[in-house]
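Q: Please construct the entire structure, taking both the sequences and the accompanying hints into account.
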Amino acid sequence: MGLLTLLRKLKRNDREARLLVLGLDNSGKTTILKKLSEEDITHIMPTQGFNIKSLMQNEFKLNVWDIGGQKSIRPYWRNYFDQTDALIYVIDSADRRRMEETGVELGQLLEEDKLAGIPLLIFANKQDLLNALAAKDISKGLNLHTIRDRMWNIQACSAKTGEGLQEGMEWVVEKIDNTNAGAGEEEKAA
Amino acid sequence: MESKYDDDEEEVKSGDYGDSKGGDEDSEDEEAAVEREFKALLNTPLKGELAVSKDPMAQRIAEGFTINWMNMRDAENGEMMWESGEWGEKMWRKELKARIPADILSCRAVSREINFSSIEKMESFKLEQRIFFQGVCIEEWFFDFGFVIPGSTNSWQQIIEAAEESEMMTAEALSGNITIETSFYDGDYFIAKSLVRVFYV
Ligand SMILES: Nc1nc2c(ncn2[C@@H]2O[C@H](COP(=O)(O)OP(=O)(O)OP(=O)(O)O)[C@@H](O)[C@H]2O)c(=O)[nH]1
Ligand SMILES: [Mg+2]
Numbered sequence: 001m002g003l004l005t006l007l008r009k010l011k012r013n014d015r016e017a018r019l020l021v022l023g024l025d026n027s028g029k030t031t032i033l034k035k036l037s038e039e040d041i042t043h044i045m046p047t048q049g050f051n052i053k054s055l056m057q058n059e060f061k062l063n064v065w066d067i068g069g070q071k072s073i074r075p076y077w078r079n080y081f082d083q084t085d086a087l088i089y090v091i092d093s094a095d096r097r098r099m100e101e102t103g104v105e106l107g108q109l110l111e112e113d114k115l116a117g118i119p120l121l122i123f124a125n126k127q128d129l130l131n132a133l134a135a136k137d138i139s140k141g142l143n144l145h146t147i148r149d150r151m152w153n154i155q156a157c158s159a160k161t162g163e164g165l166q167e168g169m170e171w172v173v174e175k176i177d178n179t180n181a182g183a184g185e186e187e188k189a190a
Numbered sequence: 001m002e003s004k005y006d007d008d009e010e011e012v013k014s015g016d017y018g019d020s021k022g023g024d025e026d027s028e029d030e031e032a033a034v035e036r037e038f039k040a041l042l043n044t045p046l047k048g049e050l051a052v053s054k055d056p057m058a059q060r061i062a063e064g065f066t067i068n069w070m071n072m073r074d075a076e077n078g079e080m081m082w083e084s085g086e087w088g089e090k091m092w093r094k095e096l097k098a099r100i101p102a103d104i105l106s107c108r109a110v111s112r113e114i115n116f117s118s119i120e121k122m123e124s125f126k127l128e129q130r131i132f133f134q135g136v137c138i139e140e141w142f143f144d145f146g147f148v149i150p151g152s153t154n155s156w157q158q159i160i161e162a163a164e165e166s167e168m169m170t171a172e173a174l175s176g177n178i179t180i181e182t183s184f185y186d187g188d189y190f191i192a193k194s195l196v197r198v199f200y201v
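Taken in order, these protein sequences are the chains called A and B. Using the UniProt record's numbering, the first residue of the first sequence is number 1, and each one after it goes up by one. Using the UniProt record's numbering, the first residue of the second sequence is number 1, and each one after it goes up by one.
Any given hint could be a false lead.
[Stated by the list, open to error] Okay, the calculated beta carbon distance ranges per label pair: (1) A/Arg150 with B/Arg99: 46 to 56 Å; (2) A/Arg78 with B/Val201: 41 to 51 Å; (3) B/Gly85 with A/Arg148: 44 to 54 Å; (4) B/Ser106 with A/Glu167: 27 to 37 Å.
[As the list claims (entries may be wrong)] Here are the simulated DSS-like pairs of lysine-lysine, each with C-alpha atoms no more than 27 Å apart in a straight line: (5) A/Lys61 with A/Lys175; (6) A/Lys114 with B/Lys121; (7) A/Lys175 with A/Lys140; (8) A/Lys136 with A/Lys160; (9) B/Lys193 with A/Lys61; (10) A/Lys71 with B/Lys121; (11) B/Lys126 with A/Lys71; (12) A/Lys160 with A/Lys71; (13) B/Lys97 with B/Lys54; (14) A/Lys114 with B/Lys97; (15) A/Lys175 with A/Lys114; (16) A/Lys61 with A/Lys114; (17) B/Lys97 with B/Lys193; (18) B/Lys126 with B/Lys54; (19) A/Lys71 with A/Lys114; (20) A/Lys71 with A/Lys175; (21) A/Lys61 with B/Lys126; (22) B/Lys94 with B/Lys126.
No lab work stands behind these hints: they were computed from the structure. Cβ coordinates follow ideal geometry from the N, Cα and C atoms, glycine included.
A: Below, the structure written as structure tokens:
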């Protein structure tokens, strides 16, 4: 499991990809990325800027940008839109009170020219909590079916248990790999 | 090049530190020059000496910039192999020594992480990292961060696959001879530098 394992499976074309991880504060962005690297997740502090993971596999470089989600930091999100290949949006599925707020933020991101057309993965995080909404209920609540201008996917997950993380990342990496690799499918068959 | 070996004898483990790609374009002279420059660097207090900019804004940025800590992990299992602890002012003044279990050399992938804060906003923040073996650059990393939020604390973690078995050097050969130099810039303005000498124990 983990991002490295995923990268090892990629078609080996010489390039760089950039993933942007956004979502409200406390949704679990940083925890998800730490868990994917099998790191300790018990001492994570709110992100007061960005955390970047750069993974290099053969000539392929993957940069994952996790930006803090506090209200005071959100106005700076747009400084990190350039050259993004996929957006990962994290939702605290148990935070029903802020479901509308997270929907508004997501809606604004989807309007951004610089993020237009890129694949969107939504992590419905904290599924280990009893009061967590199911991914399909979040999907309904946020009207995700109205998204027509890009590939998107919602993945139920728990950064605490690790459940669903790999599946979600696999979807993202496959989408960016296919978008950019062109003739990749034949290679896979060979 | 002065070498600082540990006194105690250690079990030798095979391994290499990242991919080695250097050497090919280094003429003798260049190598000597690099080494001279590097040595000079090691022997001078870093802050001030390297603050090349007279631009007041750049100076403010440099003054408001702190490297908080660094660490290294086995990237396969996230296990911490080395933590610098809080550095504060210390990191400006001298080369830091990292005593890292030699086991790290047999890791299939290694993670290096650096955490830093900036009081000022930056528009085109970037980093250059060079790994030196006996003063010769064997690995280079460049990373463009772009925008830095005023008052922010940020981190950069690089996860590097180890070199092929055949390219590996022993812990004994590497220990005390590897230096990681990380320099930070805003555009063309130099902001800060850290130097870590790695010992495999
Ligand atoms: N129960 C549970 N708690 C989680 C899960 N994921 C994250 N948390 C907790 O939620 C809190 C916030 O996690 P972070 O990863 O810091 O959230 P973030 O989205 O990075 O927050 P900002 O950096 O402020 O934007 C922490 O206390 C985590 O332990 C999860 O899947 N289940
Ligand atoms: Mg965070």
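Q: A separate judgement is required for each hint: does it hold in the structure or not?
A: Consistency of the hints with the structure:
1. A/Arg150 with B/Arg99: 46 to 56 Å: Check passed, 49 Å falls within 46 to 56 Å.
2. A/Arg78 with B/Val201: 41 to 51 Å: About 46 Å separates the Cβ atoms of A/Arg78 and B/Val201, which means 41 to 51 Å holds.
3. B/Gly85 with A/Arg148: 44 to 54 Å: Holds, at about 51 Å.
4. B/Ser106 with A/Glu167: 27 to 37 Å: Given range 27 to 37 Å: holds, Cβ gap about 31 Å.
5. A/Lys61 with A/Lys175: 16 Å, holds
6. A/Lys114 with B/Lys121: 22 Å, holds
7. A/Lys175 with A/Lys140: 23 Å, holds
8. A/Lys136 with A/Lys160: 20 Å, holds
9. B/Lys193 with A/Lys61: 24 Å, holds
10. A/Lys71 with B/Lys121: Holds. A/Lys71 to B/Lys121 sits at ~18 Å (cutoff 27 Å).
11. B/Lys126 with A/Lys71: Judged against 27 Å, a Cα distance of about 26 Å means the pair holds.
12. A/Lys160 with A/Lys71: Between A/Lys160 and A/Lys71 the Cα gap is close to 24 Å, so the pair holds against 27 Å.
13. B/Lys97 with B/Lys54: 31 Å, violated
14. A/Lys114 with B/Lys97: 43 Å, violated
15. A/Lys175 with A/Lys114: 18 Å, holds
16. A/Lys61 with A/Lys114: 21 Å, holds
17. B/Lys97 with B/Lys193: 15 Å, holds
18. B/Lys126 with B/Lys54: Roughly 19 Å separates the two Cα atoms, so the pair holds.
19. A/Lys71 with A/Lys114: 21 Å, holds
20. A/Lys71 with A/Lys175: 30 Å, violated
21. A/Lys61 with B/Lys126: 17 Å, holds
22. B/Lys94 with B/Lys126: 22 Å, holds
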